[in-house]
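One line per chain: the protein sequences are A and B, in this order.
Using the numbering used here, the letters of the first sequence correspond one by one to residues 1 to 403.
Using the numbering used here, the letters of the second sequence correspond one by one to residues 404 to 696.
Since the hints were made in silico from the structure, they are not lab data.
None of the values given here were measured: they were computed from a predicted structure.
We treat Cβ as the ideally placed atom computed from N, Cα and C, and that holds for glycine.
Please note that a few of the clues may not be correct.
[Claimed, not checked] Chain B regions said to be covered by chain A (calculated; three or more residues, Cβ under 8 Å):
1. 518-527
2. 659-667
[Claimed, not checked] From chain A, some residues computed to sit far from chain B (all C-beta separations above 12 Å):
3. Gln86
4. Pro199
5. Asp204
6. Val233
7. Thr377
8. Glu392
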Amino acid sequence: MVSRKLLYGLSAIAFMSATSAHAIDVKLGVLTDMSGLYADLTGQGSVWAARKAVEDFGAADKGWNVEIVFADHQNRPDVGSTVVRQWFDTDDVDAVVDVPTSSVALAVNELTRDRNKVFLVSGAATAALTGAQCSPNTVHWTYDTWALANGTGRAIVETGGETWFFLTADYAFGHALEQDTSAVVEEFGGQVLGTVRHPFPGTDFSSFILQAQSSGAQIIGLANAGGDTVNAVNTAAEFGVVQAGQNLAALLMFITDVHAIGLENAQGLIFTEAWYWDQNDVNREFAAEFEAEFGGNKPTMVQAGVYSSVFHYLKAVEQVGSAEDGAAVVAAMKEIPTEDKLFGEGMIREDGRKIHDMYLFEVKSPEESTGPWDYYTQRAVIPADGAFRPMEDGGCAFIASAD
Amino acid sequence: MFELLGIPPQAFYAQLMLGLVNGAFYAVLSLGLAVIFGLLNVINFTHGAQYMMGAFAGYILLTYFGVPYWGALVLAPLIVGAVGIVIERTMLRHLYHLDHLYGLLLTFGLVLVIEGLFRQQYGVSGRPFPNPLPGGQNLGFMFLPNYRLWVIVASVVVCFATWYLIEQTRLGSYLRAAVERPDLVQAFGINVPVMVTLTYGFGVALAGFAGVLAAPIQVVSPMMGMNIIIVVFAVVVIGGMGSILGAIITGYFLGLVEGLTRVFYPEASSTVIFVIMAIVLLIRPQGLFGKAK
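Chain A extracted, bound-state conformation (with noise of 0.2 Å):
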């Protein structure tokens, strides 16, 4: 009887552990650009980063079904809408990574609330994600148009840029970054002389490098990025904007738009990221994987915060179980702490902001360079607790009505 009883309980217990390494299904959608000017700093870059963390993460040794699917979103927020739509109606994706474009994320971030599935982004910036537009099943992972006006913004106030003349792409991203940047800007003591908004993508910058000049700022603030920033910056250069006593402030800049530039008028530009292949052994083996499969080129902080965003993600879905319910797994997310070998240690807030240290960075100069994509020097480091905008300043509606 008693030998009866214990293979009951040796039963019951080999169930529930069954049971507990259960095989759970997980299908991951990239959504990014995958042949406009953001493609090279996410794009297929961001699927294969998403793929490295299933991998690191262990997901075939567990017995995990993990699929990725991928689609272009042609930076066109209906075009990103009707992919995730279908994705979340028909093929069952559970989670949608990574977004470059603002205004496709603000979609998606409505649509993946509705549905309650979880939405990881990286690439889009606007802070509207985490603030007025928050939502209980996103997670902002790599950085926002907030973080980017502290760190830059603040930086060359501090240093004597109090004029500013803003060049703005027109739309959604634009929009946040120029007016977070302009908060920073006044609240430092500096001044805002003016703006002009241009069509994105924009194609000829000469016209408004000429109003930046005749603005007389000091400071020529490029609220775009990618392609945008990397002719205005080359534009700048070529009617001597820097000779003549201003200086740009690139808001937003990816490695790939420093090596599009080159470093002969890339050089001097200071400005915010979250992350760079060269700071660690870590950064340097994964960035010298990543190149192995894209030709010689480096990862950006896009798709490193898309590793990490979905290591964690899988983490959670772990602790959860499974990952049916969005709301859940992205309340678990907030829960464990964040650790992965790219971002380090952190968290992710109530309101769905992942905190971590910030860097400012300066472009080298040709002679200081040792090659191709040797491109950042440190200037500082700003610190998790101040890098991103605090909590209750965010306006996220969600977190208001709970207290």
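Given the structure of chain A, go ahead and fit chain B onto it with the hints provided.
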């Protein structure tokens, strides 16, 4: 007047100057399109991709073969033109007896293939191209980079030479005759198919030339053609399909209009040309310089 518009006269002149630079590109590109449409009746959608290929040819010549910009300015159009000739002989040729639409579809398909190949090889961020004429002139009302001045000069010379070749020379008269009555011109002993091939090659070479010209100003990127080609098509439609002079004048004119829009209402600068196109099509469907058929 300037006080009324709210901008100082210096800024106004400066923006006109920059508009002229952009107009220079529109003029050279729409000229190539007009030559091809006027003489071959083909709507060459590949024109933007060929412009991009010109810029990349310049980049590749410089980076891998050490050919300086000035050499590339001659070589790149020849290379791109030669590629155009291959396209004409192997593909386009078979579509002449069909509707325009087939030529358009073929050339559009080629755009997707060519741009896809370049994107695969070079990514979308683009490549830097050093400025061969650094520095600039202080014109009193603005600082004009030397290179932009050169763009205006080069484009005016090329546009005038092309216009002269087609409208004022014997060779041009053969070309124009071959458009009206290819059979008759052939009967006079002129090899019309070869002439057509060379004309296409020439039109494409113009796109390649504009590409090299743009390389130091714009980043050399697989997307650069896509961004400009739609505007250039609008220019051709406004000028009148196939009108050489119309393409040139409209190119410069719309560059100016766009430049001024950038001052008064920058948000509309990417749409103003299409608004003008819509108005022109309503009032004068054959275009400003086109002949009604």
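Now for the hints, and whether the structure bears them out:
1. 518-527: holds (count 3)
2. 659-667: holds (count 3)
3. Gln86: holds (23 Å)
4. Pro199: violated (4 Å)
5. Asp204: The assertion about aspartate 204 (chain A) is violated, with a minimum of 6 Å to chain B.
6. Val233: Valine 233 (chain A) is in fact no farther than 12 Å from some Cβ atom of chain B, at 10 Å.
7. Thr377: holds (20 Å)
8. Glu392: holds (34 Å)
Checked against the numbered hints above, the structure violates hints 4, 5 and 6; every other hint is satisfied.
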